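2 protein chains.
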Amino acid sequence: MRSIKTSTQVCAIIGNPVSHSLSPAIHNAAFAALDLDFVYLAFRVEDVGNALAGMRALENFRGMSVTIPHKMEAVRHVDAVEPVDRQIGAINTVINDNGKLLGLGTDGPGALKALSEAQVTISGKNVLILGAGGAARAIAFTLGQQAHPAAIELMDINPDLRNRLAADLTAGTDTLIRSNPLTDHLLAQAMDLSDIVIHCTPVGMHPRTEACLVPAPLFRPGQAVLDIVYTPMETTLLKNAKSRGVQAISGVEMFIYQAALQFERFTGVDAPVEVMRQVVMEHLRP
Amino acid sequence: MRSIKTSTQVCAIIGNPVSHSLSPAIHNAAFAALDLDFVYLAFRVEDVGNALAGMRALENFRGMSVTIPHKMEAVRHVDAVEPVDRQIGAINTVINDNGKLLGLGTDGPGALKALSEAQVTISGKNVLILGAGGAARAIAFTLGQQAHPAAIELMDINPDLRNRLAADLTAGTDTLIRSNPLTDHLLAQAMDLSDIVIHCTPVGMHPRTEACLVPAPLFRPGQAVLDIVYTPMETTLLKNAKSRGVQAISGVEMFIYQAALQFERFTGVDAPVEVMRQVVMEHLRP
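If you read the sequences in order, they're chains A and B. Just so you know, we're using our numbering here: the first sequence kicks off at -6 and counts up by one. Just so you know, we're using our numbering here: the second sequence kicks off at -6 and counts up by one.
Hints in this document: simulated from the structure, not taken from any laboratory. None of the values given here were measured: they were computed from a predicted structure. Some clues are possibly wrong.
Where chains are identical, the list cannot tell them apart; a pair therefore holds if satisfied intra-copy or between any two copies.
Unchecked claim - In the SDA-like style, the derived pairs of lysine to any residue whose C-alpha atoms are separated by at most 20 Å in a straight line are:
1) Lys(-2) - Met65
2) Lys(-2) - Ile61
3) Lys106 - Ser116
4) Lys(-2) - Thr176
5) Lys(-2) - Ala22
6) Lys(-2) - Ser109
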């Protein structure tokens, strides 16, 4: 990698744990590919307030990626938040603009980009979102505000989480929002109505890779499915979808694009997406 | 240099300006030479309190070098300070020990090491210190507490600064302290009495390299002189000393050893002094 100079701008991921993060490898490879005077580090953080106060004072600390468990808490410690991210209630990115910290999220836009790069049309389509946690919130708000779906249906086993997200989306977007418990019968009905399925729960993630919320027979050709889980890259959900001729988009694509969008906010230049994809693939390939 | 990992420990210099600092080049070369999982950055900082609060929160932010204008202010924001550095009233190093910040100074020990590595015996000798600013305070306290000189004589054109340092040294060391205005007559007397001369003012620093406080005829063989100015590496003061057969020690040596001592506090391992010297020489050679 490029050597550090006194002019080098610094970016970093903060979270706890951060030991398994791919972000330093991805962003440093991208900086190197474009010969940018940036470096990307990883910091283990519990006290997110003081970490962000420090970022403000360390003047060339340009950008942060914020991960678990700090995505919601970080909103309270920045100086400005993009309106959609305030509605989502979480951020994964902080930009230090001459001592003013701007918070924003790239998880929703990363999912949207993964879908649009795969030629999936969202406008006028019915979207089913499985899960109502942080990722579901980010993706539902982004799609609801920017992609003009006909409707978004939410399903989750937790009624409080689901009802709150449904109410927030109804208030915060122009999209028709439906919300239902995640039962076999209602899932079958929802799958039948849906053009696009976005899986936003941890089910199927390594090591419990056999688990899957949607049995293969519920898929039908013409649908597209995005699974935000990316370990493994091809989840059982995606395998089930493919077995029925459904377009299956891996969470790896969303992961790459959320990082690419962060990179563009850090540096102001287009991300070298293929370089970033290659680093991710090298690390995740079985 | 070695690539950044999530386990990489971070060190940095903070100050304003930091653009001309050699510290990133020196420390990164030393980390690389020993294949240590560390990286060293430079941060422009005005708000030293929040920079240090951030260091505490960014848990693997292991070490800081503190430079102008923050050496005194930083004392107020760390959790503990070495006793001698509290007496000096300034620090140039902060170690983050699991969220507890320890402040200390390596300028005085760096000067002491430069003298001892040059085989200069301080014990029982008369030391003349020209100047009474931050560097003079650090060196006088370190020598007074650790090197057993017969006496330290202070000379400075600023009587308040000089009298305060003399009083602090008398209270804080067992060494006999003399203090005099910097006049031609008194300087000649002091030079006649002194075995070791340490120049701690900016006089002779680039670009006004012809300036010099001590005319050549005042030196006498058997003396040793250390000039803390290191741009140029051989000041007019050192040239004058050499012309009289006096042992002349460049401020570069003190600069290298203060960095080496920081490195050892950051990493816990012996500093590769020759690697660090080579980097400094490459940058400073005319």
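Structure-based check of all given hints:
Within a single copy, Lys(-2) and Met65 get their C-alpha atoms no closer than 33 Å, and across copies no closer than 25 Å, so neither meets the 20 Å cut-off. In the homo-oligomer, the alpha carbons of Lys(-2) and Ile61 lie at most 20 Å apart only across protomers (18 Å), although the nearest pairing inside one protomer, at 31 Å, exceeds that limit. In this assembly of identical chains, the alpha carbons of Lys106 and Ser116 lie at most 20 Å apart only when taken from the same copy (14 Å versus 72 Å across copies). Taking the shortest alpha-carbon separations for Lys(-2) and Thr176, neither the intra-copy value of 57 Å nor the inter-copy value of 43 Å comes in at or below 20 Å.
Proximity of Lys(-2) and Ala22 under a CA criterion of 20 Å is satisfied in both settings, with 17 Å inside one chain copy and 12 Å between copies. Within a single copy, Lys(-2) and Ser109 get their C-alpha atoms no closer than 38 Å, and across copies no closer than 32 Å, so neither meets the 20 Å cut-off.
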